[in-house]
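Chains as they are written, first to last, in full-length UniProt numbering: chain A, 1 to 344; chain B, 1 to 344; chain C, 1 to 357; chain D, 1 to 357.
A couple of the hints might just be wrong.
Stated by the list, open to error - Derived coverage of chain D by chain B (criterion: at least 3 residues anywhere in the stretch with Cβ under 8 Å from a Cβ of chain B; other residues may be distant):
(1) 175-184
(2) 211-217
What the hints assert, rightly or not - So the derived label-pair ranges between C-beta atoms look like this:
(3) A:A198 / C:R284: 26 to 36 Å
(4) C:D335 / D:R198: 26 to 36 Å
(5) B:R334 / D:T342: 12 to 22 Å
(6) B:R334 / A:Q14: 29 to 39 Å
No lab work stands behind these hints: they were computed from the structure.
Note that the structure is predicted; figures quoted are calculated from it, not measured.
For glycine and all other residues, C-beta sits at the position ideal for the given N, C-alpha and C.
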Amino acid sequence: MSRQQTRARVAAEQPVVTYREAVREGIRDAMRRDDRVFLMGEDVGRYGGGFGVSMGLLEEFGEERIRDTPLSEGGFVGAGIGAALGGMRPIVEIMTVNFSLLALDQILNSAATLLHMSGGQFNVPLVIRMATGGGRQLAAQHSRSLEGFYAHIPGLRVLAPATVADARGMLWTALEDPDPVVIFEHGSLYNMSGGLPADSWAVGIDRAMVSRPGEHVTLVTHGGSLRLCLEAAEALAAEGILAEVIDLRSLRPLDDATVFESVARTHRALVVDEAWRTCGLSAEVAARIGEECFYDLDAPVGRVAAVEVPVPYPRHLEQAALPSAERIAAAARRLLSGSEAARA
Amino acid sequence: MSRQQTRARVAAEQPVVTYREAVREGIRDAMRRDDRVFLMGEDVGRYGGGFGVSMGLLEEFGEERIRDTPLSEGGFVGAGIGAALGGMRPIVEIMTVNFSLLALDQILNSAATLLHMSGGQFNVPLVIRMATGGGRQLAAQHSRSLEGFYAHIPGLRVLAPATVADARGMLWTALEDPDPVVIFEHGSLYNMSGGLPADSWAVGIDRAMVSRPGEHVTLVTHGGSLRLCLEAAEALAAEGILAEVIDLRSLRPLDDATVFESVARTHRALVVDEAWRTCGLSAEVAARIGEECFYDLDAPVGRVAAVEVPVPYPRHLEQAALPSAERIAAAARRLLSGSEAARA
Amino acid sequence: MSARQSRRASSGAANGAANGAANGAVDPAASGAAHEASSPDLTALYRTMLRIRRFEERCAELYSAERIRGFVHLYIGEEAVATGVLDQVLPDEAVVTTYRDHGHALARGVPMNEVMAEMHGRVEGVCRGRGGSMHLFHAPTRLYGGNAIVGGGLPLAVGLALADRMLGRTRATVCFFGEGAMAEGAFHESMNLAALWRLPVLFVCENNGYAMGTALERSQSETNLALKAAAYGIPAWTCDGMDVEAVRGAAARALALVRDGGGPMFLEARTYRFRAHSMYDSDRYRDRAEIDRWKLRDPLVLLAGRLDDVDLEAIDSEVAREVEEAVAFADAGHDEPVSELTRYVTSEPITSAGAPR
Amino acid sequence: MSARQSRRASSGAANGAANGAANGAVDPAASGAAHEASSPDLTALYRTMLRIRRFEERCAELYSAERIRGFVHLYIGEEAVATGVLDQVLPDEAVVTTYRDHGHALARGVPMNEVMAEMHGRVEGVCRGRGGSMHLFHAPTRLYGGNAIVGGGLPLAVGLALADRMLGRTRATVCFFGEGAMAEGAFHESMNLAALWRLPVLFVCENNGYAMGTALERSQSETNLALKAAAYGIPAWTCDGMDVEAVRGAAARALALVRDGGGPMFLEARTYRFRAHSMYDSDRYRDRAEIDRWKLRDPLVLLAGRLDDVDLEAIDSEVAREVEEAVAFADAGHDEPVSELTRYVTSEPITSAGAPR
Ligand SMILES: Cc1ncc(C[n+]2csc(CCOP(=O)(O)OP(=O)(O)O)c2C)c(N)n1
Ligand SMILES: Cc1ncc(C[n+]2csc(CCOP(=O)(O)OP(=O)(O)O)c2C)c(N)n1
Ligand SMILES: [Mg+2]
Ligand SMILES: [Mg+2]
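Can you make the complete structure from the sequences, with help from the hints?
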């Protein structure tokens with residue numbers, strides 16, 4: 001983290017960039033800083049990336065370091081693991097989480113396991129980036145949210161940048177990690193704009209962040225759902241309900257201490273996750289709150305998650321399947337009134 | 001279920017068979033009953049199955065219906081899906097859950113999704129069986145428990161037979177299901193013996209089962225951990241603690257009603273799962289109990305799960321990594337004393 | 001539809017138009033087909049290709065108008081492939097394809113109304129609107145998707161053929177995929193399974209030269225795709241995918257062998273997409289000149305040149321009318337009630353449409 | 001070890017012993033190697049093979065005595081392959097193998113004590129006992145497993161070679177796998193990546209005819225494995241995997257090309273396992289006669305016949321002593337404290353051994 005500290009956050013002008021540009025800047029910066037860093041994935045080069053993230057990087061860094069791969073998710077993710085073992089610092093892009101299942105064996109059985117199984121001999125300094133989530137009418141096979149699968153796996157670090165600053169800064173920190181890191185970029189965020197301190201780069205990845213302070217209920221979320229929670233919090237505020245919104249940022253390890261501290265104050269928690277409810281990340285967060293905040297809770301922990309269906313194409317059905325600010329606000333209201341009713 | 005009812009459970013002699021034999025009998029019976037049923041997987045034929053389940057079936061049914069496959073998990077599971085679409089009733093054996101990651105894309109993106117995405121046109125009557133779990137010193141890559149991944153997926157039914165009767169009977173019921181069913185057979189159970197009513201076959205798969213009634217705490221578990229829980233309950237009983245043990249049997253859908261009913265009586269719940277704790281099935285069960293039994297609980301829901309490491313080879317480390325009867329009993333004790341302390 | 005209906009009469013003749021070569025002896029350059037005189041049969045092929053073309057041109061407009069959303073992959077330029085192959089596929093044979101599936105659905109005989117309604121997400125659509133452009137499934141014509149995981153359809157085709165074999169049926173399963181898909185493990189495993197078990201599958205590679213922005217030579221070390229088939233002992237043909245007669249002829253020969261118990265066959269159709277990969281992309285990865293060169297071989301223009309005495313304008317206006325009717329049908333369609341969202345996650349107690357046949 | 005150390009002197013000569021053939025022209029029958037006169041060099045090869053043999057025989061006993069547990073896959077019968085290939089691999093080149101890895105570890109120069117301790121689950125083992133038989137990793141000799149997911153090691157080898165290329169190093173990576181693994185998608189994807197990028201990988205297929213109980217001809221439609229390599233444009237050799245000189249010669253030629261920038265090469269070694277797949281199986285899937293026939297070509301006996309003036313008994317007792325010392329070492333070893341269970345799930349703040357080189 002030493003390099004990190006040398007570039008202190010200064011109160012410079014904050015240029016407004018998109019999340020897409022922030023990721024791109026993060027990649028560009030890493031590649032300029034460290035020759036061992038390279039980007040590999042389907043269509044990251046000539047095409048500029050499935051979501052346009054790497055547009056222009058081929059011109060700057062050439063084909064060796066902006067490496068187009070064939071359609072072979074298992075193969076090139078495994079090759080990324082091998083390259084990391086061999087001394088490189090690969091950034092492997094899997095176009096979307098949906099296709100990452102083809103590489104899950106390599107990620108679990110090799111990347112996450114080699115260090116422990118080899119008795120500490122071989123670490124895997126690999127960063128895997130992928131787009132996740134729904135909301136763009138791409139239908140079932142292109143709208144999954146499978147973060148929970150990855151958050152289940154010891155040996156991985158799993159990140160979900162929900163802001164422009166995290167989109168750029170987490171990559172730096174991830175590349176300094178000696179172990180494999182998976183970064184989920186929600187597909188709906190790429191066009192989001194935000195201010196980006198020109199001179200602050202690497203961000204801490206160990207702590208969740210209180211995105212909006214509040215008093216009455218804690219909304220715990222990450223990634224693409226953060227905006228929905230902030231929107232819901234805004235609507236609730238108009239009714240006098242002050243919701244605290246926590247952006248988990250790191251999905252593995254989970255900074256549950258920040259969550260517990262909040263719930264100890266608000267006495268109510270609502271976990272919001274775009275993934276299916278059953279056995280998703282929301283289950284883990286809810287279970288931990290139940291375990292650790294049992295005597296603080298004034299109401300059962302609530303969950304807002306995706307309806308358990310493959311996400312359908314039509315807008316109205318997709319919207320009905322996925323969490324929305326309205327559903328979140330409604331669940332928060334129920335949590336407050338329900339518990340009051342129960343305690344009355 | 002009509003055929004099921006015709007063969008009423010009669011008080012016949014109960015031959016004692018192993019779990020392995022029970023699965024084999026289930027397969028044999030299904031294949032005799034229905035020409036569309038066939039078994040396909042690596043080494044199910046000449047070798048007799050990685051765990052000896054299908055020993056002898058090749059001789060009875062021939063190579064077409066006891067179909068050895070190449071090492072191609074994604075390919076032959078996908079072929080099973082296609083064969084199901086084409087009118088067959090395939091039983092696909094994946095040697096162990098560890099290798100199933102290579103087929104997870106097909107299971108999630110095709111088997112579990114086609115019915116909904118096609119607007120109800122194409123159902124996939126496929127049964128996938130696989131061995132799961134650790135405890136046999138097979139080291140990290142052969143000791144996973146990934147049931148939670150499958151339990152996360154809408155469109156699948158997920159079963160975990162923990163008894164000899166379920167090993168045989170669930171297969172029948174699964175084959176009657178018009179949709180994909182995944183059956184997890186815990187590797188440590190194959191040699192377990194148990195009585196098997198000669199004349200009762202298909203078993204219901206919708207309900208969890210109270211394996212041992214109790215009053216003071218509910219242990220919720222499945223598969224290979226059931227025996228550990230029963231052992232722990234026995235030890236606890238000697239101390240006057242009466243644990244109720246629930247065998248979930250079906251992991252998706254979860255029969256949480258049976259769990260809630262129990263917790264409403266015992267006021268304490270301990271979820272036992274051999275998988276890693278974070279984002280495993282235990283999280284979902286704990287979260288649901290927290291949600292639905294909030295006002296019944298006298299203590300936070302407890303969880304006993306695997307330590308979050310790749311399972312190591314040496315016996316003492318493997319035992320330390322996985323749940324044991326001792327750890328379960330200890331956790332149950334803490335749950336009782338802890339909550340009393342808190343209430344005192 | 002009419003093309004397929006009139007097929008039995010013409011498929012013998014079509015054999016003569018085949019420019020296939022057996023495994024190993026493929027000469028990609030020799031792809032000019034022998035032409036037959038124009039015939040009602042060729043007119044039907046033309047009509048099918050035009051239906052696809054006009055349908056998609058209209059979809060592109062509707063996409064700009066935001067009435068169609070999501071990912072849409074146009075088949076424009078490649079119409080001869082689906083048209084030529086599916087002309088030779090019998091009604092009860094199974095067809096598996098990819099997200100680039102409008103052409104296959106239409107050539108297969110899925111009513112245009114239902115396809116257009118699907119693109120609009122209407123409950124009147126072929127999948128109740130749930131699949132959209134990438135996921136056209138149609139039980140009556142045994143169209144098994146519309147699979148959007150690249151390579152994901154191939155194992156399904158192997159299994160469908162396996163079911164046929166085990167049930168004693170002698171029919172083929174046809175599976176379409178792009179050349180990019182051939183790098184996936186699923187391709188390898190599926191080819192081996194089909195060949196090992198000598199299953200009746202016709203694998204049709206639509207080689208349009210690019211997987212998104214990645215040219216074949218930058219994604220595969222061996223660009224002679226027929227050699228890849230040889231690695232499994234599967235006979236391979238290469239045909240001119242811009243010439244619908246050539247495609248039809250090659251498909252006819254390959255399918256005859258497949259149905260005859262010859263095991264799986266591999267057909268490479270050399271083709272080109274005239275548009276971007278999905279609705280819009282920068283197209284920075286292709287030469288303008290390359291695109292123009294291929295457009296000279298537009299499959300519709302090629303075939304039109306052989307239809308001297310046919311009133312193409314009449315066909316054009318019939319097709320235009322059909323497309324407009326489809327748009328009207330989709331427009332008049334309904335949203336599936338939100339209350340039905342969770343239907344068909346699992347089968348309903350009494351399945352009928354959903355029952356496997 | 002001595003074999004590898006003396007290698008530079010002999011590898012030129014070894015080329016003469018190669019019975020490889022270039023891609024496509026492989027004649028599997030022509031696998032009798034030309035013999036050289038016995039030499040210190042051959043004696044070293046013999047010693048390595050014997051070390052593997054005796055080590056494993058002892059492991060089998062210890063397995064019966066329940067002092068070694070889990071899955072154990074013996075290499076007995078196949079010793080010539082690892083021995084011949086690894087004799088030609090330079091100390092700083094990377095080696096990737098499978099769960100059937102004792103032979104590779106020993107031939108690579110991993111100390112027998114540490115391998116035996118690993119089999120016993122001792123902290124003195126090469127992986128602190130955590131991996132056991134199937135997972136031998138050794139940083140000092142760049143042995144990257146010991147991978148027990150069939151096919152799982154191939155992409156790692158591709159990546160290791162990619163790193164070398166990007167870092168401007170001209171060295172090879174060697175990857176061992178069974179013929180059964182070649183049906184996996186991982187094989188296909190890895191071969192293509194390596195060939196497409198012309199990476200310095202030597203792929204060594206240990207074709208022992210069976211994947212567990214499944215004979216090659218029941219798992220792959222094309223049993224001429226060299227043809228599979230051809231599908232990627234990768235040159236292929238087939239050699240007699242029972243003849244360590246033949247293996248060494250073929251490996252020498254292939255490695256020279258690989259290091260020379262010739263891109264990946266594929267070497268098939270025809271071999272046989274004399275024992276069950278893992279410790280015990282019914283072996284119902286093989287003919288007694290077939291096993292006996294192969295045993296006539298025992299690689300140790302074959303080579304011994306060429307070592308006229310060497311005191312084989314002296315070697316035998318030296319090796320026996322080494323094995324017993326290894327057992328004693330393992331016996332005297334310790335269990336890793338349970339408190340260390342969670343070490344190395346992630347790297348420790350200061351990595352040193354774990355740092356990639
Ligand atoms: C497994 C998987 N990886 C990546 C993608 C994203 N993707 C969709 S189409 C495509 C290119 C496919 O090319 P090709 O197979 O040649 O078919 P074409 O689009 O040219 O018809 C890619 C990379 C995907 N859908 N599935
Ligand atoms: C992906 C995967 N599938 C199945 C297995 C179980 N398995 C272990 S070894 C083996 C046979 C492998 O045969 P081959 O590649 O020829 O190597 P050999 O054992 O003959 O050396 C099988 C099926 C596995 N370990 N990994
Ligand atoms: Mg293409
Ligand atoms: Mg083998």
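Just to make sure I understand the rule, a stretch counts as covered if three or more of its residues have a C-beta closer than 8 Å to a C-beta of the chain. Does the region 175-184 of chain D meet that for chain B?
holds (count 4)
Return holds or violated for the Cβ distance of A198 (chain A) and R284 (chain C) against the range 26 to 36 Å.
holds, 29 Å
Beta-carbon spacing of R334 (chain B) to Q14 (chain A) - inside the hinted bounds 29 to 39 Å or not
violated, 50 Å
For the region 211-217 of chain D, do three or more residues have a beta carbon lying closer than 8 Å to a beta carbon of chain B?
With 4 residues closer than 8 Å to chain B, the region 211-217 of chain D meets the three-residue bar; holds.
Could you see if the CB distance from D335 (chain C) to R198 (chain D) stays within 26 to 36 Å?
violated, 54 Å
Honestly, do R334 (chain B) and T342 (chain D) meet the 12 to 22 Å range at C-beta?
Taking Cβ atoms as reference, R334 (chain B) and T342 (chain D) lie about 21 Å apart, which means the hint holds.
Consistency with the previously given hints fails for numbers 4, 6, ordered from lowest to highest.
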